[in-house]
Amino acid sequence: MSSRATIYSFLGIGLAATLLLIVAPVAYAISLSFYRMDSFVGTPQWAGLDNYARVLSDWTFWRALINGFVYSLGTIVLQVVLGIGFALVLNQVFPFRNIVRGLSILPYLLPTVVVVLTFKWMVDGSIGVLTAVIAALGLPPVSWFESPAAAMTSVILVSVWMWTPFVTTTFLAALQTVPASLYEAAKVDGTNAVQRFFHITLPMLKPILTVIVLLRAVWMFNKFDVIWLLTQGGPVGATEHLAILSYKTAFSLFDIGGGAAIATISFLILSVAVFIYFRLFPLDTD
Amino acid sequence: MSSALAPRSLASRLGLYAAAIVISVYSAFPIYWMVISSVRPPQELISSTALVPGAVTWEYYWNLLELTDYPAQFLNSVIVAAVTVAVTMVLSVMIAYAVTRHRVPGKKLIVGAMLYAYMFPPLLIAIPMFTVFARMGLGDTLLSVIVSHLTLTLPLGVWFLWGFFKSMPFELEEAAMVDGCTRLGAFLRVVLPLSLPGLITVAIFSFLLSWTDYTFALIMIGSDANKTVPVGLASMIGSFDLRWGEIMAGSTLIALPLFGAFALLSQYFIQGLGAGAVKG
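Residue numbers (our numbering), protein chains in the order written: chain A, 1 to 286; chain B, 287 to 566.
What the hints contain is simulated information worked out from the structure, not anything from laboratory work. There may be inaccurate statements among the hints.
Said to hold, decoys possible - In silico DSSO-like cross-links for lysine-lysine, where the CA-CA straight-line distance does not exceed 30 Å: (1) B:Lys394 / A:Lys206; (2) B:Lys452 / B:Lys393; (3) B:Lys452 / A:Lys206; (4) A:Lys187 / A:Lys206; (5) B:Lys452 / B:Lys394.
All chains should be built: construct the whole structure from the sequences, respecting the hints.
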């Protein structure tokens, strides 16, 4: 086989896989959003923009949109702050450092379902270990999922626990790239650790931090499993965001066109973030 | 940071140790609690929150393996993850190699689509996929789960190996080709062995994505017999009574392969995270 034939057959397979697995589902999802369909095997009927009109005129859509922003913003801020804090600690020298570094990654490896089940077990009303700790501290019992604000807070806390290690690990790796001489020079000038962090570390790591925040923002906005498993969007829709609304619309109400329309709208919102990403980090294919 | 090497005061050293302990407990305690709860005898489980159990029992594990669909579901998860990893590796190596080694049309489309797909809302893929599989009469099959997992793992593989191949000098294969190797031969004998670390990273992260996935398996699978472990385990919590011992035993068993892999291959995990091979 000639060199060109090898490359082109690789490329052909690649293009086919991309079209089949990535492009076709998205194109099909978008086209479904223009049809009325009340069963997955039924015949779709052209509906024009009806699905969009219906979805956008329903206040639950706007509530879901706001919930999604609250959830993403809350989780990102906490993850980034906590992750940077952890990375700064793990970058110091202390005994058993590698073990502590390893432990700090573990939450990220766990399946969401394991995290959620363990959390539910730990906060169980009668025998949960966190419930016991809270009682031992003399604090009033916490109802983690009963009020809308509590449910949103719980969902955010569990998500932060799971995904902070991503920030910790990436930021820790980036810290090694800051030249030590910068810190030496600043030390000679009589700066303290806080000043060095804000005037050297943060400015040097701004590009990587931008990537982290952008990627995390997109992923948190898209998260479905953790919220679904913890609250199913409840109580009374307090943690229902676009992914859950789309799931319920398509798979519980069997309004498949409506579910596809919500997914398409999330896709458009997220495309703004992707667009910003490509502007900041142009694709270098040469 | 060299400041860490400088002599520091006792107070700041103690502060550092305290912070390290807080990080360890915060990260590992829930996992420890999960494992411990899975071996605590029933009487103790509902009455005691002692840090170390008084006695150890394996009964939850036996119940799980003998009385539930857990073993079948575990096997489903293994099949799904194994096929997903294998297909991801083959396809992503070919795609990434083609786009880094040749000026070809469609290259930007592939790499751009892959990066974009990395960030798709799950329902944007799940709704059309479920529709297509239902219409083909292939709803509720492991095949549908595998195909949906590929939409997560393939972008990851291509994106990661693309970066990996870009940094590998062309001269290596050119030398082999001058020596009479064909392009395919050079690829198989020179490029592939050298990309082993990259391939391992892709395999690890594809496995992680497929093994831990809940969303796609929830949507694609309806019957208990075809569920993967995450979905099967989640449905235990809605059932007649909450059997926390069994639930924690089941959770420990899904987490175990991941921790084992991490202990053996932690440097690949960390490299992969740094180079953008990430899950959710």
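Tell me if the straight-line CA distance from lysine 187 of chain A to lysine 206 of chain A falls inside 30 Å. 21 Å, holds
Restraint check for lysine 452 of chain B with lysine 393 of chain B, where alpha carbons must lie at most 30 Å apart: 14 Å, holds
Quickly compare the C-alpha distance for lysine 452 of chain B and lysine 394 of chain B to 30 Å and report which way the hint goes. Roughly 14 Å between the alpha carbons, so the hint for lysine 452 of chain B and lysine 394 of chain B holds.
Satisfaction of hint between lysine 206 of chain A and lysine 452 of chain B, Cα-Cα up to 30 Å: 25 Å, holds
For the pair supplied as a hint, lysine 394 of chain B and lysine 206 of chain A, is the alpha-carbon distance within the 30 Å limit? It holds: about 27 Å lies between the C-alpha atoms, which stays within 30 Å.
Of the numbered hints stated above, none is contradicted by the structure.
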